[in-house]
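Construct the complete structure from the given sequences, taking the supplied hints into account.
The lines below spell out each chain.
There are 2 protein chains.
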Amino acid sequence: MKNAILASTSTLHGQQYLSYLLPEIAKLFKGCSEIIFIPFARPGGITHEEYTSLAKKALQSISINVKGLHEFEDKEQALKEAQGLFTGGGNTFLLVDKLHRNNLMMPLREQILKGTPYLGSSAGTNIGGLTMQTTNDMPIIYPPSFKTLGIVPFNINPHYLDPDLHSKHKGETRETRIKEFHTLNTQPVVGLREGSWLEIKDNDITLRGTLSARIFTVGKEPIELASNTKLTSII
Amino acid sequence: MKNAILASTSTLHGQQYLSYLLPEIAKLFKGCSEIIFIPFARPGGITHEEYTSLAKKALQSISINVKGLHEFEDKEQALKEAQGLFTGGGNTFLLVDKLHRNNLMMPLREQILKGTPYLGSSAGTNIGGLTMQTTNDMPIIYPPSFKTLGIVPFNINPHYLDPDLHSKHKGETRETRIKEFHTLNTQPVVGLREGSWLEIKDNDITLRGTLSARIFTVGKEPIELASNTKLTSII
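Line order of the protein sequences matches chains A and W. Oh and the first sequence: position 224 is 224 in this note's numbering, straight run, nothing missing. So the mapping is simple: this note's numbering equals the position in the second sequence, first residue as 1, plus 1000.
If you are wondering where the hints come from, they were derived from the structure by calculation, not from laboratory data. Nothing here was measured: the structure is a model prediction, and the numbers come from that model. Be aware that a few hints might be false.
To be verified - Below, in silico cross-link-like pairs of lysine-lysine (DSSO-like), each with a Cα-Cα straight-line distance of 30 Å or less:
1. A/168 x W/1075
2. A/56 x W/1168
3. W/1147 x A/179
4. W/1170 x A/170
5. W/1057 x A/170
6. A/220 x W/1170
So, in structure tokens, the structure goes:
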């Protein structure tokens, strides 16, 4: 009963917030007059109110009202009653900390498994995986656990970035980091490039957008998965 | 009684491991015939043995023998008896996890405060700060705490990278990440560019290398600190 979009990024270069994804969002939230936005990742430290306004403005054009989860006294109940759910990007450590400390991770998971349409972007996509351990973010807060929603049976690396072959910088490439993850963890990792998203319908997971995704599996060479292909190889 | 070098990176583009820093390392470890290498950060998942061999080979040219901390049954005692200490780079989460789980973080700190010469590079430099929370690494393991050595009264961001003004990538810049850190944490952050290092002599901390460092302080615009300048403004 799952119905979700997990997008690598909310915004493409030179575009407005969510604009490239609006046709898909309209389909995902078809029939919803209002959805709940989870603003806890607070990019750049903006307030929950400011961040919710941004989402509200973006979804106005497809006639969907947005309320922030922070506005509700009983947040678990709010999740249960939501017509649709959207978790925005920002800092994944902060998002995961806030969800765990408010005991909202499992209730959120349950609603998604029951079929409430879910949209994630960036950090909101990262938490769709088994753990947040393939995030690119800085550990600005110490969360009670790195476990996340697990609505897909692998980990996700949003904003996946190919190595810059001309770079003289000695910091690790994204691929090196994911390989380090695989020295200690066994789940596959999907490197989602900006402009790509995973479309989840019940048990089908399909890569959408124009780009391929890079799939990392323990003990194997990474492979490129073409757009509009199901992720059957790793699920 | 502190005597330490905290280097942004072990290796510069096109050079051998540690080669740019060897003259400084020779001065730091003057009088030491053997030092202990802490290989726990295991870059790319290499073994403790492989990583220690790399350090051993690099320090051979300045006639210093290297033993890996993993070789010792009583690691705390080994730290106490060491003539010099060197923590290599790799994954900071892994390094911090291993140090805390083996109850070695505080003993290591004590030895450095007592004056045992200490060299850190990358992750080994990051742990010189108050917490590891300005690392660039992926959280591939969940450490018991983010607290680190605190031999300098601020946090360090190694491999500091200036924003690429031509990039179309929407992942956060390093500066944005550090500003997010400052929405929740108050300690200053020193962004150390590759090729820079902090020289610590007792209570003096001096920026060395050819580049400036970027200093982030809560509520202020970041400033550039020139090379060969003391970090008096933030300590």
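How the hints compare with the structure:
1. A/168 x W/1075: 36 Å, violated
2. A/56 x W/1168: Holds. Residue 56 of chain A to residue 1168 of chain W sits at ~25 Å (cutoff 30 Å).
3. W/1147 x A/179: 25 Å, holds
4. W/1170 x A/170: Judged against 30 Å, a Cα distance of about 21 Å means the pair holds.
5. W/1057 x A/170: 20 Å, holds
6. A/220 x W/1170: 29 Å, holds
In summary, the one numbered hint that this structure violates is 1.
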